[in-house]
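Asks: Here's the letter readout for the chains.
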Amino acid sequence: MNRRTLIASAVALLLAGGLSLNLASTPALALDELRIIAPAAPGGGWDQTARAMQEAVQSGGAVKAVTVENVPGAGGTVGLAQLAGQEQGKDNVLMVNGLVMVGAILTNKSAVTLENTTPIARLTGEYEVIVVPGSSELKTLADLVAKLKADPGAVAWGGGSAGGTDHILAGLVAKASGADVSKLNYVPFSGGGEALAAVMGGHVVAGISGYSEWEGQIKSGELRALGISAPERVAGIDIPTLKEQGVDVELANWRAIVAPPGLTDEQKQALLATVDAAVKSDSWKKVLAAKNWTDLYLPGDDFTKLVAAENVRVTEILKGIGLVQ
Amino acid sequence: MDVLASLLQGFATALTPMNLMWCLLGTTLGTAIGILPGIGPALTIALLLPITAKLDPTGAFIMFAGLYYGAMYGSSTTSILLNTPGESGSIITAVEGNVMAKNGRGAAALATAAIGSFVAGTLGTIAITFLAPLFVKLALLFGPAEYFALMVLAFTTVSALLGSSLPRGLTSLLLGLAIGLVGTDVLTGQPRLTFDILSLLRGIDIVVVAVGLFAVGEALYMASRPDMRAGEIVPIRGSIFMTADEWRRSWKPWLRGTALGFPFGALPAGGTEIPTFLSYFLEKRMSKKPEEFGKGAIEGVAGPEAANNAAVAGVLVPLLTLGLPTSATAAILLAAFEQYNLKPGPLLFSSSSTLVWGLIASLYIGNVMLLILNLPLAGLWVRLLSIPQPLLYGGILLFSTLGVYSLNNSTFDLVLLFLVGILGFLMRRYDFPVAPCIIGLILGRLAEAQFRRALTISQGDASVFFTHPLSLALLIIAALVFVGPLFYRWRAAKLQSVKAAG
Numbered sequence: 152m153n154r155r156t157l158i159a160s161a162v163a164l165l166l167a168g169g170l171s172l173n174l175a176s177t178p179a180l181a182l183d184e185l186r187i188i189a190p191a192a193p194g195g196g197w198d199q200t201a202r203a204m205q206e207a208v209q210s211g212g213a214v215k216a217v218t219v220e221n222v223p224g225a226g227g228t229v230g231l232a233q234l235a236g237q238e239q240g241k242d243n244v245l246m247v248n249g250l251v252m253v254g255a256i257l258t259n260k261s262a263v264t265l266e267n268t269t270p271i272a273r274l275t276g277e278y279e280v281i282v283v284p285g286s287s288e289l290k291t292l293a294d295l296v297a298k299l300k301a302d303p304g305a306v307a308w309g310g311g312s313a314g315g316t317d318h319i320l321a322g323l324v325a326k327a328s329g330a331d332v333s334k335l336n337y338v339p340f341s342g343g344g345e346a347l348a349a350v351m352g353g354h355v356v357a358g359i360s361g362y363s364e365w366e367g368q369i370k371s372g373e374l375r376a377l378g379i380s381a382p383e384r385v386a387g388i389d390i391p392t393l394k395e396q397g398v399d400v401e402l403a404n405w406r407a408i409v410a411p412p413g414l415t416d417e418q419k420q421a422l423l424a425t426v427d428a429a430v431k432s433d434s435w436k437k438v439l440a441a442k443n444w445t446d447l448y449l450p451g452d453d454f455t456k457l458v459a460a461e462n463v464r465v466t467e468i469l470k471g472i473g474l475v476q
Numbered sequence: 014m015d016v017l018a019s020l021l022q023g024f025a026t027a028l029t030p031m032n033l034m035w036c037l038l039g040t041t042l043g044t045a046i047g048i049l050p051g052i053g054p055a056l057t058i059a060l061l062l063p064i065t066a067k068l069d070p071t072g073a074f075i076m077f078a079g080l081y082y083g084a085m086y087g088s089s090t091t092s093i094l095l096n097t098p099g100e101s102g103s104i105i106t107a108v109e110g111n112v113m114a115k116n117g118r119g120a121a122a123l124a125t126a127a128i129g130s131f132v133a134g135t136l137g138t139i140a141i142t143f144l145a146p147l148f149v150k151l152a153l154l155f156g157p158a159e160y161f162a163l164m165v166l167a168f169t170t171v172s173a174l175l176g177s178s179l180p181r182g183l184t185s186l187l188l189g190l191a192i193g194l195v196g197t198d199v200l201t202g203q204p205r206l207t208f209d210i211l212s213l214l215r216g217i218d219i220v221v222v223a224v225g226l227f228a229v230g231e232a233l234y235m236a237s238r239p240d241m242r243a244g245e246i247v248p249i250r251g252s253i254f255m256t257a258d259e260w261r262r263s264w265k266p267w268l269r270g271t272a273l274g275f276p277f278g279a280l281p282a283g284g285t286e287i288p289t290f291l292s293y294f295l296e297k298r299m300s301k302k303p304e305e306f307g308k309g310a311i312e313g314v315a316g317p318e319a320a321n322n323a324a325v326a327g328v329l330v331p332l333l334t335l336g337l338p339t340s341a342t343a344a345i346l347l348a349a350f351e352q353y354n355l356k357p358g359p360l361l362f363s364s365s366s367t368l369v370w371g372l373i374a375s376l377y378i379g380n381v382m383l384l385i386l387n388l389p390l391a392g393l394w395v396r397l398l399s400i401p402q403p404l405l406y407g408g409i410l411l412f413s414t415l416g417v418y419s420l421n422n423s424t425f426d427l428v429l430l431f432l433v434g435i436l437g438f439l440m441r442r443y444d445f446p447v448a449p450c451i452i453g454l455i456l457g458r459l460a461e462a463q464f465r466r467a468l469t470i471s472q473g474d475a476s477v478f479f480t481h482p483l484s485l486a487l488l489i490i491a492a493l494v495f496v497g498p499l500f501y502r503w504r505a506a507k508l509q510s511v512k513a514a515g
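Keeping their order, the protein sequence lines are chains D and Z.
152 is the number of the first residue of the first sequence in the working numbering; add one for each residue after it.
14 is the number of the first residue of the second sequence in the working numbering; add one for each residue after it.
One chain only, chain D, in its complex shape (with noise of 0.2 Å):
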């Protein structure tokens, strides 16, 4: 590993010389070192994701010295209370983040929340898909709206972490599907398998995951997938969206990246030209592919609607759940 990292950093070194010469023409950005706090332990999406983005940021040249800080703790709310506290106005923090955060502050009842953020852009996202055990007598995504509808707590959905992607997606389905929000029957399990093994030994209904993680079981006939929650079918996976089935949906649990407040105009800019720069360099390609993340890149005032639009979707559901008063 140590090796790896050696040659990574010897490649970057080279890189930066090779376009030290080119970047004399484009307007120099006074970043001698940058942060990018992720909100999670090592090892997880948003840690992933923050390492990435050091590795793009850094093969640009733009930046001197990138360095990643895991804040780990409540959905990210921890991480997000450092943005908001002691990085306000300091122009080389950036923080990863994403839907689930959006629904940690409201559970949390965290005081921070991403109003208290520069936002900078969306970078990548997953859908997630829904599925039901090989063997069973639910065929279809509408056989499942039918049960839904006569009993919605006769369907024991299997999911991630209680107000996470998946149980906001459960929340979503049952109101599209006119079943009563209040009585879901959703069953948080903690990751690592753990829901993947309840859906498959039948011991709840249905299933909810974010596609490349039981993508393997999916193929192998073991889970039956009933529907993507896309807005339109994704190259390279045969899973009908939930739209073209009739049920009005479509979520991704995406992430992104933000900068603490307090920032002028012109420091945002920045940022965002930093960040842009990043996301369409090599590196960060070969990690998309890598990876399989769907590239949702959207930067600036845009996402920024976007994440006001999602706390309102994200805050009704989990009002609708009884997760939040």
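The set of hints was computed from the structure by calculation and includes no laboratory data.
Honestly, I wouldn't trust all of these hints.
[What the hints assert, rightly or not] Taking lysine-lysine pairs in the DSS-like style, the calculated list, with each CA pair at most 30 Å apart, reads:
hint: 1; chain 1: Z; residue 1: K67; chain 2: D; residue 2: K442
hint: 2; chain 1: Z; residue 1: K67; chain 2: D; residue 2: K436
hint: 3; chain 1: Z; residue 1: K150; chain 2: D; residue 2: K290
[Said to hold, decoys possible] Chain D residues, not near chain Z, derived (Cβ > 10 Å throughout):
hint: 4; residue: N267
hint: 5; residue: G285
hint: 6; residue: L457
[Claimed, not checked] Facing chain D, from chain Z, some residues (calculated, C-beta under 7 Å):
hint: 7; residue: L153
hint: 8; residue: G202
hint: 9; residue: G358
hint: 10; residue: Q472
Virtual Cβ for every residue (Gly too), placed ideally from N, Cα, C.
Fit chain Z to the supplied structure of chain D, relying on the hints for placement.
Replies: Using the frame of chain D, we list chain Z on its own:
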């Protein structure tokens, strides 16, 4: 996949230079801590957890498993030569082993312990290889209701077996349960017992509690005792090549010890101590010369030493296939899996097959390494005992602090570490066992989550625990385990009074 094909794959993983190095490091370190009294595998792995957080999990687990096996090898050396067990699994070894050493047969005692450990370790690993995949099939039948019943079974045995006094064991267990409640509730996402402290929302890290209780607590306890060294090391005498007679007297106890140790290790809270005692008494009963026991009978070393190694192998089966820790070290290993976001259970074998089979293969290799490390080099290892205790425990304190800080870069964790450390010291000082606390912390969280999941799925109908056959069977066993000893004691008391009356 075929077991043998998987195992071969595993050997391909385990035989890479890096993994061989981790295995060697684990076995060496294991032997060392096995020899040092007071420093056990649970403490050491807890200390290593934060340091290994960024390592490749396969390498880390190969090291941990080697360490766990190695501790059982090393502990016999201290038992035999110092008459102080290096680990609790070697308490009974000291009885015969130390007498043998004093009679000039120390080398033979060390040899039968090491070879017995090798035989048991290897047979135990073979048992893991073939039993684990069967367990995996069984484990998919386990839903939340069944898991909860399994936790109940684990609870009934844990507190009674892990300490000399039931109230103290229970206190420690309840303390662990209470600590486990702190944080975000798994089922509703609501904060509990967090006192509006943001850092407490993610719960109290098991690693912090483990390092605090085992390492910091133990170091403080050692520092509080003015006289730390006692006991006399008997120099090794005799030949390490056992005589034909010694071989003849050793091989059956090895096999019987293995047969006792493995199932006990796999049972909830079976642990390594009970099978060693059972093995000792079994050998004494089966011996043609029971009068030799207490005067240096080699069977009394061979049997228990095989039993404790086989028990360690047994512990790994429910840990890997069900995520069920049956010993304190296994509980720490479970925390290690959590650290890597891996969930031991039926799916571990398919989702992380490289890790699992690499780990199993490394156990075969580790056993060979340990035999080589322990048999000819026993004399060298004993010198470890001359390290001054203050340096040793000072080092432990330093490593725990560094390690825990590096986990989350959180000063809050450091404060927590030392608070738990003081708690650990007080528990040690007033003779409360610390292991039930850790087990309560881990099992409590799991049991609560599974209980509520089962009720959520059944929409509040509590009869699920009794209508699912597997769950019912487990609950009945738990009830028997709980009531059995009470009934036995009651009957024994009644017989006594009948005798007295007659």
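Asks: Please go over all the hints and tell whether each is borne out by the structure.
Replies: How the hints compare with the structure:
With a CA separation close to 19 Å, the supplied pair K67/Z and K442/D stays within the 30 Å bound. Between K67/Z and K436/D, the direct Cα distance comes to roughly 25 Å. Compliance with the 30 Å bound is thereby established for this hinted pair. Only pairs whose Cα atoms come within 30 Å are accepted, and K150/Z paired with K290/D is accepted, the gap being roughly 26 Å. Even its closest Cβ contact with chain Z, about 14 Å, leaves N267/D beyond 10 Å, as expected for a residue assigned away from the interface.
Annotated as non-interface, G285/D keeps its C-beta farther than 10 Å from every C-beta of chain Z; the closest such distance is 13 Å. Once the 10 Å rule is applied to beta carbons, L457/D is consistent with being away from chain Z; the minimum gap is 23 Å. For L153/Z, the interface hint holds, since its Cβ comes within 7 Å of a Cβ in chain D; the closest pair sits about 5 Å apart. Because the closest C-beta pair between G202/Z and chain D is about 4 Å apart, less than 7 Å, the hint holds.
Taking 7 Å as the C-beta contact cut-off toward chain D, the hint placing G358/Z at the interface holds, the least distance being around 6 Å. Of the supplied interface hints, the one on Q472/Z holds, with its beta-carbon coming within about 5 Å of a beta-carbon of chain D, less than 7 Å.
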